[in-house]
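Make the full structure from the sequences, and use the hints.
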Amino acid sequence: MDSIAGQKSGLSIVTNVAVFIIVLLWLIPTVGLFVSSFRDRDQISVSGWWEAPFSVELAYRTRGDADPTRDGDLYVIEGNIFETGEVQDTFTSGENAIAGFGLRGRDPGAFAAGDVVENRDGGTVVVNGDGAYVYTSTEPIDDRGPRLYFIAQSPPDFTMANYAEVLTGLDEDERAQEIASGATFGELLFEETGIFRNFINTLTVTIPATIIPILIAAFAAYALAWMDFPGRGFLIACVVGLLVVPLQLALVPLLNLHNQIGIGQSFLGIWLAHTGFGLPLAIYLLRNYMVGLPRDIIESAKVDGATDFQIFTKIILPLSFPALASFAIFQFLWTWNDLLVAKVFLPSTGEAQVMTVKIADDLLGSRGGDWGILATAAFVSIAIPLVVFFSMQRYLVRGLLAGSVK
Amino acid sequence: MSPVIQGIITIIVGVGGCVGYFYFANLFLDKVLYPPRGKNAGRNINRANIIRPWVFLFPAIFALSLYLVYPVIGSFIRSMYDRAGTDFVGPGNYVRLFNNPDFRQAFLNNILWALVVPAVTTFMGLLIAQLTDRLRWGNIAKSIIFMPMAISFVGASLIWKFVYAQDPDLGIINAIRASFGGEALDPLQIPFWNNFLLMVILIWIQTGFSMVILSAALRGVPEETIEAAIIDGANPFQVFFKIKVPQIIGTIVVVWTTITILVLKVFDIVYTMTGGNYGTEILPSFMMDFMFRDDGQATAVAFVIMLVVLPVMIWNIVQARKEMR
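Going down the list, the protein sequences come from chains A and B.
Counting along the first sequence from 1, when you hit position 290 you're at 306 in our numbering, and nothing is skipped either side.
Counting along the second sequence from 1, when you hit position 233 you're at 424 in our numbering, and nothing is skipped either side.
Just so you know, the hints here were simulated from the structure itself, not pulled from any lab data.
Hints should not be assumed to be uniformly reliable.
Under 10 Å between C-beta atoms, here's a sample of chain A residues computed to sit facing chain B [to be verified]:
| no. | residue |
| --- | --- |
| 1 | 132 |
| 2 | 245 |
| 3 | 261 |
Here the structure is a predicted model, which is why all the values come from computation and not from measurement.
Even glycine gets a Cβ: it sits at the ideal position worked out from N, Cα and C.
If you want it as structure tokens, here you go:
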């Protein structure tokens, strides 16, 4: 194609730039989520993810905990604010700067560094830009030291803490407590009510719901592709029609049916439902593929005395592997990502919730403002589909083409 | 019993049951019912071959009838009964729906979705397919644009919640506005236009689908036609719009209808982004408001969705029948 006259025109630069911009637009939202999921949660709320590699100004509180000395009438505490007990773990690099300090939590940056300010104990306080502070008081200072607030540049902080919290459902203190009492992290994953449990639930829904329809559909597709019987055309038309039946129609009657026959809202019910809903696409895809297999092979097998069952298991199934794989990927992605069917056919308690329901109903509702948790939960839920997608893209594309273009 | 073990047992029982059914049904047909032996051997083989397709088809037909055909009828009947399901109210639920301003809003929004999303998605897909066709890094670009297909609607909604967040330290849109001196606003609360912001999410997800299919179709356009046009002096735009597009118009229609059907079913995006507030309700999310509360109204909404899909369904069947001849 490149040899055709006029192909290498000035358009190619424009094309490159245009595609680059589109790709960037498509990528930015996901990158934002990905970066946010690794950021410290205090930092998320004060600077955008695009500023993640830079320091941010955060407010801290601490106590002037150096030993007081006497200076005439005054009691004096001197030291470096970055080395005080409550914040020394945060500032380890040694290159820190104070942007402002204050005496009340409501206004932690009320005074500029270096200002000498009167405090409530009748003395003064000053915090210099390098963190050195002097606190004076006319009263004796108690052992814990006076409260001080300050604003400092906080270095970029990338952490796995969000993942630990989302997966176990316990925050840092609760985790430390559990681990101190002898539990391992693995036990916390399985026993606590974090999203790891929902992850297992999703997996439990997905795998049977992917495997079972393939088998049923493969036999039906073979019959519709290679066996001759009255009503075949009608059945194919039915399958094509059923492809577009909106799922919403099935919800109420099937849930009632499940309740009547005793399945109720359970994993068995959702497996059956996904199997039923996935069948039209499975039959359609597999039939389209099987029809295209060479007639000679099948006829010579018949001449050699093979039965339909043997032809199916020994010839058709192995040859149809690409189509089976592409349907399997579709069904996997669809069941993994599904929210509607899970909301209706599974009980709404935490025990049986799948990840999509957990995120949409629990996390978005009760922790709507906790962006670190939301980003991390979302990323946990899309990680497996992304891996499947990138490793099996070839089959996915082939399946899409078999389904839509002939 | 832990659901994991239950799942493993189900896989074994399900797969084993399927294989066992097919194997033994065949065996029964060939060995017991119509054995190809004796004086009726010929007749028996014929009879077995008449029955065999139905043996192969039975599980699929059973599941399809139970899970897709029965619900269409069942939903229709249920929508004729009141909330408790005991009193026949005829078209009462439908009358109530059409008198409900929220339903009318949802219906109109849904039509807006069904018009805008397929059009933009197909156009973007076609554009990207054409642009990436001859790029050296075209396949990487396509992979990235195709990627959102793997992401759930819930995940995608969360991703875009970040983009649309009101806080300029979270949402990139408000950050850009702030850098031009604009006030921070919640994009999802802008009346009417918030619908389009939600559509952007679905377009973002689905463009990869239309791109992949249209890109394959573009590759299938015979080169002679393009060469001839170029020799006749056509510029690249003329080649695209007058030579390539007319030859793949069939595929474009398929992509368009497929996305239209999808649009009519998607409820996750509205549910997670706005919960149907601020005038963004669409039919599928409107139905979930009634689910578990008033089955009569819920099934009526579902049946309205079915009626909207019906023309596309008929068109699909007609096309499929044409291809088989």
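*Looking back at the hints listed earlier, which ones does the structure fail to meet?*
Those not satisfied come down to hint 1.
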